[in-house]
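Given these sequences and hints, build the entire structure.
The sequence shown begins at 1 in the UniProt record's numbering and counts up by one.
What the hints contain is simulated information worked out from the structure, not anything from laboratory work.
A hint or two may mislead.
Quick list of simulated restraints, FRET-style, between CB atoms [stated by the list, open to error]: (1) ALA136 - LEU94: 36 to 42 angstroms; (2) LEU94 - LEU121: 15 to 21 angstroms; (3) ILE89 - PRO26: 20 to 26 angstroms; (4) PHE81 - VAL143: 42 to 48 angstroms; (5) VAL143 - GLY72: 22 to 28 angstroms; (6) ALA146 - LYS109: 33 to 39 angstroms; (7) PHE81 - ALA165: 28 to 34 angstroms; (8) THR137 - TRP4: 48 to 54 angstroms.
Nothing here was measured: the structure is a model prediction, and the numbers come from that model.
The beta-carbon is built from N, C-alpha and C at its ideal position, and this holds for glycine as well.
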Amino acid sequence: MIYWEIFLAFFIPGILGYGGGPASIPLVENEVVDRYGWMTTQEFSEVLALGNSLPGPIATKMAGYIGYAEGGILGAGVALFATIAPSLILMIVLLGLIMKYKDSPRVKKMSTLVRPTIAVLLGVMTWGFFADAIEATGTVQTVVLAVISFVLLERFKVHPAFVIAGALVYGAVFLG
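Spelled out as structure tokens, the structure:
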């Protein structure tokens, strides 16, 4: 029964918490503290602080921790699945609809309109990263890293993981 409760405690906020992890935190608190009584408000706030101090999505970190505390490794798995299940189900349903109507002129037009939008959003994000890097490390360092990375990736077909690792080492040695 505990695994079903863990599932519901994280699945319901996942459905109702429009806006991602931060939007579902009050809903998770309601389930964990008020409904099931697994934690006090103080304990929940400490878990929230711990989750915020670690990298990655807050909802999955909290689900893993609380699920583990209540149901062990299986409980952590159930809580993690329950957290991502609403998005996963919606993506599968929407993909099914798109695949069903992929030959429709409207769907084809939607796809052709979405691609440039995604390209622009990625370009804006890249420019933001580049501007932050210039501000933090300087123009010369940023351009050197960008050019070397580009050459390694495109000319020598080096795996991106190795390029990232090399840039981290360079930053630790020369910029740290």
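Quick rundown of the hints versus the structure:
{"no.": "1", "hint": "ALA136 - LEU94: 36 to 42 angstroms", "in the structure": "38 angstroms, holds"}
{"no.": "2", "hint": "LEU94 - LEU121: 15 to 21 angstroms", "in the structure": "19 angstroms, holds"}
{"no.": "3", "hint": "ILE89 - PRO26: 20 to 26 angstroms", "in the structure": "22 angstroms, holds"}
{"no.": "4", "hint": "PHE81 - VAL143: 42 to 48 angstroms", "in the structure": "44 angstroms, holds"}
{"no.": "5", "hint": "VAL143 - GLY72: 22 to 28 angstroms", "in the structure": "51 angstroms, violated"}
{"no.": "6", "hint": "ALA146 - LYS109: 33 to 39 angstroms", "in the structure": "36 angstroms, holds"}
{"no.": "7", "hint": "PHE81 - ALA165: 28 to 34 angstroms", "in the structure": "31 angstroms, holds"}
{"no.": "8", "hint": "THR137 - TRP4: 48 to 54 angstroms", "in the structure": "51 angstroms, holds"}
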